[in-house]
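Trainee: Generate coordinates for the entire structure from the input sequences, incorporating the hints supplied.
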Amino acid sequence: MSGESTIAETAIAALVEGDGVNRAIWRRESALLIALVILGEALKFRSALAIKFVDHSDLGRALPYLAITIVLTSMVPFALRISPRLGLPGAPLIAAKIAGEKLPIRIRSLLKISLGYALLALAIATSILFVVLVLMIMAHPSIARMKSPLSPMLKLAPSRIAIVGTLTAIAAGISEEIEFRLVLFAVIAWAVRLVTRGSFDGSRRGPLWLITILQGYVFGMLHVTRLVRTIPLAASMLHSIPTILLGGLLLPQTWEGIVLGRLYLRRGLEASMLAHAMIDAALFALVAFGLLLRSNLGAR
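Throughout the sequence shown, residue numbering follows my numbering, covering 313 to 612 in sequence.
By construction, these hints were calculated from the structure, which means they are not laboratory data.
Keep in mind that a hint or two might mislead.
Quick list of simulated restraints, FRET-style, between CB atoms [as the list claims (entries may be wrong)]:
1) Val443 / Ala594: 39 to 45 Å
2) Ile449 / Leu344: 43 to 49 Å
3) Leu522 / Ser342: 40 to 46 Å
4) Arg418 / Leu441: 32 to 38 Å
All C-beta atoms, glycine included, are put in the ideal place defined by N, C-alpha and C.
Mentor: Okay, here's the thing in structure tokens:
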């Protein structure tokens, strides 16, 4: 907890002068983060088209996600203003850089803890996915004999998947962490503070864990449509609103969001960005390696 309080105090010192917000830093940081979201989402969409992760016919289905992205992006200034008051870290490295102050954490240390949390998120997500697959097969034994159509991405060259996938991972790590860890975390924490009539100040573990789980759940639920498209067999289990809501707790992305939320609390936005990018890059690299191995074995 001492590391968490240090980061939070540094963020407050970078953003607050006396009782008022340092508007110059706040405005520049807001503009920078909004630009990063726009750039990240544009690059992510362009990369997704390049590896055929989405099809032009799916553009209509992306409109709700686009609307959520616009809303969350527009709330970046609010999140930066309210985070220090809630004891949330915000983006301490970016704030310190803009303010011309010494960075509150060493880059090597940041990379180490980000890698550790990325591995933890991958381990938990893999375990959750294994449990879900086992439950699906137990509930519907015929699923094990069904053949699911291959994703268009799996028909591409492994080198293309690795290169474009890495760019997508970096873009997603930047844009989604700003939207969900910085903004959504602050919004939920602000709502909790309203409900508790100001008793929440970011130092109580119970509310912090509740907020961490809630933002991770929302993050996971936004991946339901992608999961059904990528793994059509999942559609057989998510056939009603109650099962979809319950299924959100079993989504690997939900638990990934929870782990990243915890990292955000400990080391700030930059650490969760790095971990998110590492997770997605590792997944794309794994897919590329699997396809390369399959092609080599098939050539023999």
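Trainee: A separate judgement is required for each hint: does it hold in the structure or not?
Mentor: Structure-based check of all given hints:
1. Distance hint check: the CB atoms of Val443 and Ala594 are about 20 Å apart, inconsistent with the given range 39 to 45 Å.
2. One distance hint, 43 to 49 Å for the beta-carbon pair Ile449 and Leu344, holds here, with the actual separation near 47 Å.
3. Taking 40 to 46 Å as the suggested C-beta distance range, the pair Leu522 and Ser342 does not conform, at roughly 27 Å.
4. In this structure the supplied range 32 to 38 Å holds for Arg418 paired with Leu441, their Cβ-Cβ distance being about 34 Å.
Hint compliance for this structure: hints 1, 3 are broken, all remaining hints hold.
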